[in-house]
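Enquirer: Below, each chain spelled out in residue letters.
Number of protein chains: 2
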Amino acid sequence: MSFYDSTVPAYLQILGSLSGLLSKAEAYCEAKKIAPEVLLGARLYPDMLPLSKQIQLACDFAAKGCARLSHSEVPSTPDTETSFAELRQRLAKTVDYLKTFTPAQFEGADSRDVTFPAAAGATMTLKGQEFVNRVSFPNFYFHAAIAHGILRHHGVEIGKRDFLGVA
Amino acid sequence: MSFYDSTVPAYLQILGSLSGLLSKAEAYCEAKKIAPEVLLGARLYPDMLPLSKQIQLACDFAAKGCARLSHSEVPSTPDTETSFAELRQRLAKTVDYLKTFTPAQFEGADSRDVTFPAAAGATMTLKGQEFVNRVSFPNFYFHAAIAHGILRHHGVEIGKRDFLGVA
Numbered sequence: 028m029s030f031y032d033s034t035v036p037a038y039l040q041i042l043g044s045l046s047g048l049l050s051k052a053e054a055y056c057e058a059k060k061i062a063p064e065v066l067l068g069a070r071l072y073p074d075m076l077p078l079s080k081q082i083q084l085a086c087d088f089a090a091k092g093c094a095r096l097s098h099s100e101v102p103s104t105p106d107t108e109t110s111f112a113e114l115r116q117r118l119a120k121t122v123d124y125l126k127t128f129t130p131a132q133f134e135g136a137d138s139r140d141v142t143f144p145a146a147a148g149a150t151m152t153l154k155g156q157e158f159v160n161r162v163s164f165p166n167f168y169f170h171a172a173i174a175h176g177i178l179r180h181h182g183v184e185i186g187k188r189d190f191l192g193v194a
Numbered sequence: 028m029s030f031y032d033s034t035v036p037a038y039l040q041i042l043g044s045l046s047g048l049l050s051k052a053e054a055y056c057e058a059k060k061i062a063p064e065v066l067l068g069a070r071l072y073p074d075m076l077p078l079s080k081q082i083q084l085a086c087d088f089a090a091k092g093c094a095r096l097s098h099s100e101v102p103s104t105p106d107t108e109t110s111f112a113e114l115r116q117r118l119a120k121t122v123d124y125l126k127t128f129t130p131a132q133f134e135g136a137d138s139r140d141v142t143f144p145a146a147a148g149a150t151m152t153l154k155g156q157e158f159v160n161r162v163s164f165p166n167f168y169f170h171a172a173i174a175h176g177i178l179r180h181h182g183v184e185i186g187k188r189d190f191l192g193v194a
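One line per chain: the protein sequences are A and B, in this order.
What the first sequence shows, in my numbering, is residues 28 to 194, in sequence order.
What the second sequence shows, in my numbering, is residues 28 to 194, in sequence order.
Hints in this document: simulated from the structure, not taken from any laboratory.
The reader is advised that the hints may include incorrect statements.
In this list, chains with the same sequence are indistinguishable; a pair is considered to hold if it fits within one copy or across any two.
In the SDA-like style, the derived pairs of lysine to any residue whose C-alpha atoms are separated by at most 20 Å in a straight line are [what the hints assert, rightly or not]:
hint, residue 1, residue 2
1, K80, D106
2, K51, Q116
3, K80, H180
4, K60, T104
5, K51, S29
6, K80, A62
7, K154, S29
8, K60, K187
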């Protein structure tokens, strides 16, 4: 196996499960006559980001992470989604983008420098594997799990198996 | 770099940051005169697990994950912690345990079979890398991020940088 095997499939697993979470959230809104924007704008605390932004950030950390690791052009995707369907499209496009990467592009990337934006306009450089361990995975899984937590907190009937993508 | 580099340091990063989150939570309880057990028992929804169990599960997914990957004896740790200090000790012991593993023990483990308990008393077998991508990391990060979400939701002044361990 390879560095590719330890990154791209891991992102894909959770991007797929997030799409399923959104479908259950949408069905919940329909069943309970909740306006979708209520759930899309729901937060765990007033100064935390809402559900829609958690999904957008999970997409970004996956897409930009793979781009940085492979020294490809880093994609910029405006956050324009305002519905469950549009967020699922964003996830699907991210999945399609990740699937364009090949194991060859990740060959040696674990020990190659990755430079990325840090706080206050500065940049930071880490080796690829450290970038994954300390930046990309923790951020990616954080936003995905917080999206799940927002939905659970608002009563959507999902469980950890939905997050794992085995439900 | 190696399969060891893509697993053990990733767990250690977040185990360390969880300890910091608990210290801030404890200080918050003291400042606000909140009984620690209120926060330790806090949940995002009545049928979700409380903070203390989220920490215990994060420890277990890290420790058991490394044991399974290296075909070591899987440790069993009773969930007896009832204070912030005891949970930090649990985290510290998990860190110490993870530090006993060597890269040699993980050599080839990415493509070796890992058998682990699945739903309803069954077992499941995956190659080591798939086990990490589909089971161990998603579960580990999930419980860690939900612990963070519980604390944020209850007003503890932490941010994502605390979760990443860069605060």
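Enquirer: Each hint should be assessed against the structure and marked as holding or not.
Expert: Results of checking the hints against the structure:
| no. | hint | in the structure |
| --- | --- | --- |
| 1 | K80 to D106 | within (8 Å within a copy, 35 Å between copies) |
| 2 | K51 to Q116 | within (15 Å within a copy, 38 Å between copies) |
| 3 | K80 to H180 | both (17 Å within a copy, 17 Å between copies) |
| 4 | K60 to T104 | neither (31 Å within a copy, 45 Å between copies) |
| 5 | K51 to S29 | neither (34 Å within a copy, 38 Å between copies) |
| 6 | K80 to A62 | within (17 Å within a copy, 33 Å between copies) |
| 7 | K154 to S29 | both (16 Å within a copy, 13 Å between copies) |
| 8 | K60 to K187 | neither (25 Å within a copy, 33 Å between copies) |
Violation of the numbered hints given earlier is confined to hints 4, 5, 8; the remaining hints are satisfied by the structure.
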